[in-house]
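Position chain B relative to chain A; hints supplied.
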Amino acid sequence: SAVISQKPSRDICQRGTSLTIQCQVDSQVTMMFWYRQQPGQSLTLIATANQGSEATYESGFVIDKFPISRPNLTFSTLTVSNMSPEDSSIYLCSVEEPTTRAPPGELFFGEGSRLTVL
Amino acid sequence: AQSVSQHNHHVILSEAASLELGCNYSYGGTVNLFWYVQYPGQHLQLLLKYFSGDPLVKGIKGFEAEFIKSKFSFNLRKPSVQWSDTAEYFCAVNRHSSASKIIFGSGTRLSIRP
Numbered sequence: 003s004a005v006i007s008q009k010p011s012r013d014i015c016q017r018g019t020s021l022t023i024q025c026q027v028d029s030q031v032t033m034m035f036w037y038r039q040q041p042g043q044s045l046t047l048i049a050t051a052n053q054g055s056e057a058t059y060e061s062g063f064v065i066d067k068f069p070i071s072r073p074n075l076t077f078s079t080l081t082v083s084n085m086s087p088e089d090s091s092i093y094l095c096s097v098e099e100p101t102t103r104a105p106p107g108e109l110f111f112g113e114g115s116r117l118t119v120l
Numbered sequence: 000a001q002s003v004s005q006h007n008h009h010v011i012l013s014e015a016a017s018l019e020l021g022c023n024y025s026y027g028g029t030v031n032l033f034w035y036v037q038y039p040g041q042h043l044q045l046l047l048k049y050f051s052g053d054p055l056v057k058g059i060k061g062f063e064a065e066f067i068k069s070k071f072s073f074n075l076r077k078p079s080v081q082w083s084d085t086a087e088y089f090c091a092v093n094r095h096s097s098a099s100k101i102i103f104g105s106g107t108r109l110s111i112r113p
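From first to last, the protein sequence lines stand for chains A and B. Every number in the working numbering is 2 more than the matching position in the first sequence, counting from 1. By the working numbering, the letter at position 33 of the second sequence is numbered 32, and the numbering carries on one by one without gaps.
Excised from the complex, chain A in its bound form (with noise of 0.2 Å):
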């Protein structure tokens, strides 16, 4: 199974400052995924990075607010610009299986950065 780390796991910021936050795997994957988990609520995909491409960002999510480099197969960024209380989060990075055939959908995790912004 896919190692992701994630830096920083914690950050508390200023409103109207941007952060980037690193994803990386310890395996080649091809897609990345970038997601949010606001408090109380459920997981919701923001975007997916493939390498040599630009992200394919989901409906509400743009590119100028989050983002997202995916300079090699091992790693990604998601900054998230401009930062208002309403970005308070956790972020997460997630690759599928990389080694296997499985069908689309198992990922692994990152254990998240959470961010508050006041």
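Worth flagging that the hints you see were computed from the coordinates, not collected in a lab. We treat Cβ as the ideally placed atom computed from N, Cα and C, and that holds for glycine. One should not assume that every hint holds.
Below, in silico cross-link-like pairs of lysine-lysine (DSSO-like), each with a Cα-Cα straight-line distance of 27 Å or less [said to hold, decoys possible]:
#, chain 1, residue 1, chain 2, residue 2
1, B, K100, A, K67
2, B, K70, B, K100
3, A, K9, B, K100
4, A, K67, A, K9
5, B, K48, B, K68
6, B, K70, B, K57
Derived Cβ-Cβ restraints for the label pairs, each shown as a range [unchecked claim]:
#, chain 1, residue 1, chain 2, residue 2, range
7, A, P73, B, N7, 37 to 43 Å
8, A, G42, B, G21, 15 to 21 Å
9, A, S20, B, E65, 44 to 50 Å
10, A, G18, B, R76, 45 to 51 Å
11, A, N84, B, R76, 44 to 50 Å
12, A, N84, B, Q81, 43 to 49 Å
13, B, G27, A, R17, 38 to 44 Å
Non-contacting residues of chain B with respect to chain A, defined by C-beta distances greater than 12 Å in every case (computed) [unchecked claim]:
#, residue
14, V10
15, I11
16, S13
17, A16
18, S17
19, L18
20, S25
21, G27
22, K57
23, E65
24, F66
25, S72
26, R76
27, P78
28, R112
Relative to chain A, chain B alone:
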């Protein structure tokens, strides 16, 4: 709207009690179904999955789930819970037509009284 519903927000049980957590989805067509678990302070991990075949699937730690296509349900069960089962449980669905897009339910917090 397409969705995944978990009707129980918080379930409290005593040790050795039986558990059933409900999950319903609203997608038509072929789906993959999952239960993920998040133990306190840990990351999300896969508990069990259904792709095809026997609709009764068994996962780790004595958990099982039954896919009932006619009811669009994938309920999670365990005959006798332990204190260590205290966690948040998420049902998730992936449609075969949606590549790797997976939709999660709102989660059920399970608290086990020792």
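Quick rundown of the hints versus the structure:
Taking the CA atoms of K100 of chain B and K67 of chain A, the gap is near 21 Å; set against the 27 Å cutoff, the hint holds. A C-alpha spacing of about 22 Å is found between K70 of chain B and K100 of chain B, which places the hinted pair at or below 27 Å, so the restraint holds. Our distance criterion of 27 Å between C-alpha atoms is met by K9 of chain A and K100 of chain B, whose separation comes to about 24 Å. As the CA atoms of K67 of chain A and K9 of chain A are separated by approximately 19 Å, the hinted pair is consistent with the 27 Å bound.
For a cut-off of 27 Å, the pair hint linking K48 of chain B to K68 of chain B stands: about 15 Å separates their Cα positions. Of the pairs offered as hints, the one joining K70 of chain B and K57 of chain B holds, with about 20 Å between alpha carbons and a cut-off of 27 Å not exceeded. At roughly 42 Å, the beta-carbon separation of P73 of chain A and N7 of chain B lies within the given 37 to 43 Å, and the hint holds. Between G42 of chain A and G21 of chain B, the C-beta spacing of about 19 Å keeps the proposed range 15 to 21 Å intact.
Checked against the given bound of 44 to 50 Å, the beta carbons of S20 of chain A and E65 of chain B, roughly 46 Å apart, stay inside it. For the pair G18 of chain A and R76 of chain B, the beta carbons lie near 48 Å from each other, so the given range of 45 to 51 Å is met. The hint said 44 to 50 Å for the Cβ distance between N84 of chain A and R76 of chain B, and at roughly 45 Å that hint holds. Take N84 of chain A and Q81 of chain B: their Cβ atoms lie about 46 Å apart, and the range 43 to 49 Å holds.
At roughly 43 Å, the beta-carbon separation of G27 of chain B and R17 of chain A lies within the given 38 to 44 Å, and the hint holds. Taking the minimum C-beta to C-beta distance to chain A, about 16 Å, the non-interface status of V10 of chain B holds against the 12 Å cut. With a closest Cβ-Cβ approach of about 17 Å to chain A, I11 of chain B is found to remain outside the 12 Å limit, as its non-interface label requires. No beta-carbon of chain A comes within 12 Å of the beta-carbon of S13 of chain B; the shortest separation is about 25 Å.
Once the 12 Å rule is applied to beta carbons, A16 of chain B is consistent with being away from chain A; the minimum gap is 25 Å. Look at S17 of chain B: its CB is around 25 Å from the nearest CB on chain A, clear of 12 Å, so calling it non-interface holds up. Every Cβ of chain A is farther than 12 Å from the Cβ of L18 of chain B; the closest lies at roughly 20 Å, confirming the non-interface assignment. Distance check for S25 of chain B against chain A: the nearest CB is about 15 Å away, which clears 12 Å, and the non-interface claim stands.
Here G27 of chain B stays apart from chain A, with its beta-carbon at least about 17 Å from theirs, past the 12 Å limit. Remark: the non-interface label on K57 of chain B is consistent with the geometry, its nearest Cβ contact in chain A lying 16 Å away (cut-off 12 Å). Every Cβ of chain A is farther than 12 Å from the Cβ of E65 of chain B; the closest lies at roughly 19 Å, confirming the non-interface assignment. No Cβ of chain A approaches the Cβ of F66 of chain B within 12 Å, the least distance being about 14 Å, so the stated non-interface status holds.
Against chain A, the non-interface label of S72 of chain B holds: every CB pair exceeds 12 Å, the least being about 18 Å. No beta-carbon of chain A comes within 12 Å of the beta-carbon of R76 of chain B; the shortest separation is about 21 Å. In this structure P78 of chain B is separated from chain A by more than 12 Å, as the shortest Cβ-Cβ distance comes to about 25 Å. Taking the minimum C-beta to C-beta distance to chain A, about 22 Å, the non-interface status of R112 of chain B holds against the 12 Å cut.
The earlier numbered hints are all upheld by this structure, with none contradicted.
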